[in-house]
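Those sequence lines, one after another, are chains A and B. Positions in the first sequence are counted from 1; adding 714 to them yields the numbering used here. Positions in the second sequence are counted from 1; adding 714 to them yields the numbering used here.
No lab work stands behind these hints, which were simulated from the structure alone. Treat each hint with caution, since some may be false.
Any copy, or any two copies together, can satisfy a pair, since identical chains are not distinguished.
Claimed, not checked - Below, a list of computed lysine-lysine pairs in the BS3-like style, where the Cα atoms sit at most 27 Å apart:
| id | residue 1 | residue 2 |
| --- | --- | --- |
| 1 | 834 | 744 |
| 2 | 767 | 1080 |
| 3 | 983 | 1116 |
| 4 | 885 | 1098 |
Number of protein chains: 2
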Amino acid sequence: MPIQVAVIGFGTVGTGVVRTLLEKRNWIRKWVGQPVNLKWVCDRDVPRPSGFKLPVGIATTDMAKVLNDPEVQIVVELIGGLEPAKSILLEAIRKKKHVVTANKALLAESGRQLFAAAAKADVDLSFEASVGGGIPIIKILREGLVVNEFDAILGIINGTSNYILTQMREKNLSFYEALSQAKRLGYAERNPALDINGNDAAHKLAILTLLGFNVFPRQSDIYVEGITRISQADIQYADELGYSIKPLAIAKETNHELEVRVHPALLAKSHPLANVNGVYNAVYVHGDLVGSQLYYGRGAGQNPTASAVVSDIVSVACDLAGVGGVPPIARALSKHQRVRFRRIGDIETRYYIRFTVKDQPGVLAKIASVLGRHHISIATVHQKERTGARAVHVVMMSHMAKESNLRNALRILDQADFTKQPTVAIRTEEPRQR
Amino acid sequence: MPIQVAVIGFGTVGTGVVRTLLEKRNWIRKWVGQPVNLKWVCDRDVPRPSGFKLPVGIATTDMAKVLNDPEVQIVVELIGGLEPAKSILLEAIRKKKHVVTANKALLAESGRQLFAAAAKADVDLSFEASVGGGIPIIKILREGLVVNEFDAILGIINGTSNYILTQMREKNLSFYEALSQAKRLGYAERNPALDINGNDAAHKLAILTLLGFNVFPRQSDIYVEGITRISQADIQYADELGYSIKPLAIAKETNHELEVRVHPALLAKSHPLANVNGVYNAVYVHGDLVGSQLYYGRGAGQNPTASAVVSDIVSVACDLAGVGGVPPIARALSKHQRVRFRRIGDIETRYYIRFTVKDQPGVLAKIASVLGRHHISIATVHQKERTGARAVHVVMMSHMAKESNLRNALRILDQADFTKQPTVAIRTEEPRQR
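Just chain A, with the same shape it has in the complex (with noise of 0.2 Å):
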């Protein structure tokens, strides 16, 4: 039996978890061990996706007969805003049904009432996605790390702010100056007061806190300060002094007091979350038995999102079909899949080299030669003269090359009456661009 989801508000997140369900349909569905089917996509406005297009049927604007539709197992609520979205919620609890959503805002104002509605009628209210993007840092406080007590959790939780931040830094942008390419970027909202102000950072950090800690402080409980009096002086200044300004959450106890605060704060540079920079987001955490980790990601953004959000209805969705917490890791292997393991020999990257040779002329163009005939080529030569004996280093990194042809021309030089030590040869990866 199929599980009927349906997805309520058709904005930026909700195109993309509703692409994301019909896009990965095939593999949820082995993975869950039924299909996870997708009924109605709500919205005021009739929902008209661009670059897929909806199953036929499912579009509607009928508010009233998705929620009373009796074979509706999940309500995804993904309308933001306080209201309508906290009486769709209630409404969606009353009637048994499982609910998701990414309403950081709601969940800051109202998450007590929803979380108590949601145990009494025994229905799932899951909210990945409300914060920290495509990083599972809920499921990573209230699974993975659940028999940890913290003392501080420090967040980098506002993209918009640490992008401004960063490219007051790096381009020595004005406050103004930042914000205003962040609108362009669309890093930024239209009405960015939320995120500067530190109230969109306050919102997560109380969810944050009530996963750490088990309280789940009032908007009025945490101290909230924005970004916008950093000036382009202070950062240069805090830089100088071997610090860098971001935007932080911070949920930490000191002698039994529980301290929230959102505000930006100098980091020394070799502090982790320190280097977290542009739309960035990190969760910073130190626990009792895990000692200090960092969760870095990309904290919004239509694709993270829905990444969250999806996990969040596969989840349910496992449960629903009785597979517990989890389906069998046997359940994801294919019999049938014939993968091909790529040999080393065929692999393709950058290498350093180190040869160590006779220190005599013609050396290194005998090195070329080989390495050329064997299409290796060659980006830059460093002759190093740290070894004794008549006897030197020359250091060398390749262009792209393959193994194979590597390891042939060093088993050539390696013969070589000039080759004193055999060749040393390390591969490289590079950063990715996106």
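Take the given structure of chain A and dock chain B to it, following the hints.
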């Protein structure tokens, strides 16, 4: 009804798991909704903990008694190695007990058989502690990122190797000096072969590949190269070229082939993994939805590993208690819990303080005097000359100070006739020492 657990193997990890189950039993009981009771602790020698007491009658050397006990629902295998660990797990599974293991060598060798047996018997086989120590990377990949397709998973997943290469770079040690230091500090086993020759990382890489790519490579599919060839000279040359040498485990898809390999690699210093130092582990993933993410923490040690093993036990216990995926959030919130939130005026931290004042003699003395009267002690002072109109910036870093004191001082100073603009104060956050 209590859920009955048996721990088999009372070495370093077993001791940590047993202590955690005992010390945190109240929280676990509250979260699961039922007591999770440690019924047996079994080892070849009678388990005798130091530093805490085992409940009377639970220590045993009689493996058969433990496996045949119909009350035991969860068997935790912490012996390590291939046999008798494998037979114990298979026997427990056959008896329809859920099993938890940290045994990466066994999973790499016989995972396919074990996973199939667990699926057939309809029991959970959990293995969070097998990779990444306290980082819940298994849960992250298997549940949090469940709908992502990955093109790359890169890990620094052997702390011993990472510690050795880090010490070689930071302290100019030779490989053997760094290795003996690692042994002295307990970061390397007496026989460190599995760590430094890359095989431990290859075991873990097989598991990461299973979770990220749904194929389970045999060890012979994985190209493995240890760190023993890396010399001090290579580390320095790499450093001069802008790279760090890191012990990597790599799974990535290239033209529909999978590359699975373990070897030291040059990472540009801007790579997210390049600054993962010492015994820390990290896993970098690149998924189609979430983009780049990094998960960072302690990859070994008694407590981080216990955190992972006990999270598996709690997860299975939640299933057995009928909570499905996870207990309702409302359960974690204590109704009668009194939490004091610290008021912002009561926090203590170091402050960056920027004054904008008239450029005239005596101003600094007046500022210092007001701060002193309010118990704000100054660590450094810098006078800057960036503003025009005869105003200067005076930048101070304070020692630890109470916020209310600072605010009172600044209220007075901001009214002084020499102050040209409101003073800017920014709090600092210090990196944790452990």
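Now for the hints, and whether the structure bears them out:
For a Cα distance limit of 27 Å, the shortest separation of residue 834 from residue 744 across copies, 17 Å, qualifies, whereas the shortest one inside one copy, 32 Å, does not. For the homomeric pair residue 767 and residue 1080, neither the shortest alpha-carbon distance inside one copy (61 Å) nor that between copies (70 Å) is at most 27 Å. For a Cα distance limit of 27 Å, the shortest separation of residue 983 from residue 1116 across copies, 24 Å, qualifies, whereas the shortest one inside one copy, 38 Å, does not. Only between protomers do residue 885 and residue 1098 lie at most 27 Å apart by alpha-carbon distance; the minimum there is 21 Å, versus 37 Å within a single protomer.
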